[in-house]
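Chemist: In order, the protein sequences belong to chains R and G.
For the working numbering, count along the first sequence from 1 and bump the result up by 6.
For the working numbering, count along the second sequence from 1 and bump the result up by 81.
Check before you lean on any hint, since a few could be wrong.
Stated by the list, open to error - Pulled from the structure, derived: some chain R residues nowhere near chain G, Cβ distances all over 12 Å:
no., residue
1, S18
2, G74
3, R364
4, L370
5, P374
Stated by the list, open to error - Each computed BS3-like pair below joins lysine-lysine, with the alpha-carbon atoms no more than 25 Å apart:
no., chain 1, residue 1, chain 2, residue 2
6, G, K129, R, K200
7, G, K330, R, K205
8, R, K348, R, K466
9, G, K330, R, K44
10, R, K200, G, K96
To be verified - Computed from the model, here is a short list of chain G residues facing chain R with C-beta under 10 Å:
no., residue
11, R186
12, T199
13, R206
14, L209
Keep in mind that the hints were calculated from the coordinates and are not lab data.
The beta carbon of each residue, even a glycine, is placed where N, CA and C say it ideally should be.
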Amino acid sequence: MHGISPQQFAESVSAFLVPFYIALAAMNGIAALLMWRKFGPVTYFRLRTPGFSFPVTNALVWTIVALGFAVLSAMAAGANLSMMPKMPESFREFVNSQTGPVIYTLGTTTVLVILFLFRSWFVKPAVAWSIWNLMLLFLGLSMPDPNFFAIVAKPDNVPIVALVFLLAFFTWLATWKAVQNDKRMEAGEPPLEKLDDEKILVWPDLVYTEMICMIALTAVLIFWAMWLQAPLEEPASSVKTPNPSKAPWYFLGLQEMLVYYDPWMAGVVLPSLIIVGLMAIPYIDFNKQGNGYYTIKQRKFAYIVFQLGFLELWVTLIVLGTLLRGPNWNFFGPYEHWDAHKVEALNNINLSEYFWQRGLGRSLPMVPQLQWIPEYLPTWISGWFQPVAQFVSILFTREVVGTLLVLSYFIILPPLGAITVFRNFYQRMGFIRYMVLANLLLFMAALPIKMVLRWSFNLKYLIAIPEYFLNF
Amino acid sequence: MAGLGEIITESQIWKSIFRHPMPVDRRNRIVVMLTNFFLHLHPVSIKKQGIALSYTWCMGGVTFFLFLVETVTGVLLMFYYRPTLEWAYNDILALRDIYSLGIMREIHRWGAHAMVITVWLHMYRVFLTGSYKPPREFNWVVGVILLLLTLLLSFTGYLLPWDQLAVWAITVGSNMARATPILGHEGPGHQLLTLGYPMITSGSDARFALLGARNVGEETLNRFYILHCIAIPLAVSLLLAIHFWRVRKDGGISGPL
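With the hints as constraints, model all of the structure from the sequences given.
Modeler: Rendered as structure tokens:
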């Protein structure tokens, strides 16, 4: 129970859950009130018995949901773990035993793809509101689990939990508007943002909005600061390495990439390319449509690539790295105890070993020793010449298969794309812009490709030259 | 009391500061935007849809406001905090347990996390509305640099409490730098920089430049403190000014053409 008694634990869970469920009840109650008084209730169906017909409206449904949350808050109030509403033990064990990096990554990708494909159904306010409630209910029901609580309620992890919910909300909002706009524009109407062309004075309309935002935000920050103390652990010690040692949460996507790539790629090259790639977006996106309003259909390619990069490769990796990676960077299910002695067999194999040892049944070729450097060259040239020559010779002997694969990936795919699927792009973008786009996409795709290779073949490196710290 | 208010607003001192009457009529609502330093960042009038919360999410504004909160609370914290191995941790401890304004540290830390989140959300919104498209390409680039600087501000501040969490997070984060290609002593190609003897060693590589030492130590604390309190905020302030100025020059808040 992480250094506190079960009763203390129950009290801290209770202290979180009671206001949490009350807030959810209020949230649904207000929604029901708005539907009843402001938007006009929608009847889902009618309950019919002989001589009696009763309309079941959205306002009624969300009132019942609000009452349900109020009951949950009462159940959580006693600081009694056996009374507290929680996920069934069997469900938690199932989740722990079934989840791993593969399921997590494929699962989140599948969910995002389904949400995208059926977006016009998922963005409907009633559907989105149900999902929103279920997400919050999942959080509430999981909190009484001590392992889940220990990770989610860790002060520095609170922002990530907030980020997940904020992103869910804003992604819904943007998609809802985009779906509406796409429908309108297909019917030849202008986007919603164009409807209200009226100009208003900044004082008072904008200035007051800004002031209200500032006051609200100040209040949020002060309450947050009062409710949650900033973390402060024991004084720094260079001899006591914590396990796991984690970078600040916003860099944990990069730390997660270290599972698949060496630090020079995961920590330097790929982050630099993320920044360069972001900066390049306006210059490689030649599509003039979709400027200043929400739309998906008019800029599908840009939208999908960005969401793949941001939601999948950036945010879900951060969530994985922060919440699900424990000691020794092992994967732990959301309800699993972070056991530092958990052993995961890692037997990853380089492509060159696959090729020479398993394929051809012989040992790896020796590293060539170069003897013929002319002695009259100054040392600063010969010192440079020796490692380059040796490096290149390793590339094309021991690592020849990986080298050819990587070279063809970066050299053959861009022109191949230009004459096939990206023909239209190439013609409209010109050589340089097209090549920048193609290479950025290839680097972006390199991460999921490496992930799949690792999961399916235990592949460690395509090119492994530890002599020169170049493993790819 | 109405008389007192009038005496104040009619006085020479008041009028020397505020060069316009109260903005209660249309003319003065326009004049106030042109004559007030803090308000002149804004245009006088704006498209109604451009400031709809459901369109902008207010995330750029929230990020800027959080930057101001961080600046104010940061300055207050600087009065208490000494960036030395002897005092850093104890000063934070005292902020938590003794000083009455110790909550400034909580606000500063949570505000920093919030700022990272809101700057991402701002980028997300700008992308989803295609607001980086011409003529706003350059301002998007400035925004990306500001996003990077926000992360670096948070990263450099992470070290200052000098507890286990801080030191090891920075150790893990900065270890990446030693694998920088060519410039890191464990990076591919560092052997290429040679003058007959290796130029890139653990005492001269990119990580050393970042930490000021071979390991996270007092030099690093000093370096990160200066980066966190002076160098990066200065760069951010300059880029923010450009960012806001370009918003105006590139046609204001984006909207359908």
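Chemist: Hint by hint, note whether the structure agrees.
Modeler: Evaluated hints:
1. S18: 18 Å, holds
2. G74: 29 Å, holds
3. R364: 26 Å, holds
4. L370: 20 Å, holds
5. P374: 16 Å, holds
6. G:K129 with R:K200: At roughly 10 Å apart (the allowed maximum being 25 Å), R:K200 and G:K129 satisfy the hint.
7. G:K330 with R:K205: 18 Å, holds
8. R:K348 with R:K466: Status holds; Cα separation ~21 Å.
9. G:K330 with R:K44: 40 Å, violated
10. R:K200 with G:K96: 41 Å, violated
11. R186: This hint holds: G:R186 lies near chain R, its Cβ roughly 6 Å from the closest one there, short of 10 Å.
12. T199: 9 Å, holds
13. R206: 7 Å, holds
14. L209: 5 Å, holds
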